[in-house]
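Enquirer: Just need the whole structure built from these sequences, with the hints factored in.
Chains as they are written, first to last, in our numbering: chain A, 47 to 159; chain B, 860 to 969.
It is possible that part of the hints are untrue.
As the list claims (entries may be wrong) - Result set (DSSO-like, lysine-lysine): computed pairs, CA atoms no more than 30 Å apart in a straight line:
1. B:LYS929 / A:LYS68
2. B:LYS862 / A:LYS88
3. A:LYS68 / B:LYS877
4. A:LYS83 / A:LYS103
5. B:LYS877 / B:LYS929
6. A:LYS117 / B:LYS877
Keep in mind the hints are simulated off the structure, nothing from the lab.
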Amino acid sequence: GENVEQHPSTLSVQEGDSAVIKCTYSDSASNYFPWYKQELGKGPQLIIDIRSNVGEKKDQRIAVTLNKTAKHFSLHITETQPEDSAVYFCAASINQAGTALIFGKGTTLSVSS
Amino acid sequence: DVKVTQSSRYLVKRTGEKVFLECVQDMDHENMFWYRQDPGLGLRLIYFSYDVKMKEKGDIPEGYSVSREKKERFSLILESASTNQTSMYLCASNRVGEQYFGPGTRLTVT
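Expert: Next up, the structure:
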């Protein structure tokens, strides 16, 4: 079955720096790769996603890149702010419809001002 | 505004008790999911459902069962709670793509 590895498990940056979180997946049939942000006391919330027919997607300060050949994808956050501090999860789809997901173990991002 | 609600934010049960965790979504989504979240292990899929009365096992179904009698409601059942089932339980739903999560139920089994 699908396996998703996520690194690093913790990441500390200064406000204004960039943050990069990387994930690898094992099943070449996976076709949907979302990223979720979880703030304290809340459920995860989607921040950006990418499908397998696209190599890169950007939304303001957040971007995701996908390398299907190498089976890895990354989240890039530029100009980090204290409110970016949270736990971030990558995920990969485990069915053709892309409706069910396997998640990575998460990255705790801390942005200090 | 989309909404997934879970019956309790905090729950304390004794070993051997039967435990029901309820999840309700108001978005008419076909798919519903139950995860457990533990420190250092991320979110692990327990069960999911594509339709009423249908269910599929996830990565860690042992010790759990589910029920989906109505489209909007998905229940997670611990037949005989054990201490290793102490965890945060998250419910989610979707049609395609984005999964919408509830706030979670923190279950403690003593």
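Enquirer: Hints first: check each against the structure and report whether it holds.
Expert: Do the hints match the structure? See the list:
1. B:LYS929 / A:LYS68: violated (39 Å)
2. B:LYS862 / A:LYS88: Holds. LYS862 of chain B to LYS88 of chain A sits at ~13 Å (cutoff 30 Å).
3. A:LYS68 / B:LYS877: At roughly 40 Å apart (the allowed maximum being 30 Å), LYS877 of chain B and LYS68 of chain A break the hint.
4. A:LYS83 / A:LYS103: Distance of about 17 Å is within 30 Å: holds.
5. B:LYS877 / B:LYS929: Holds. LYS877 of chain B to LYS929 of chain B sits at ~21 Å (cutoff 30 Å).
6. A:LYS117 / B:LYS877: Violated, at about 42 Å.
Violated hints for the displayed structure, listed by number in ascending order: 1, 3, 6.
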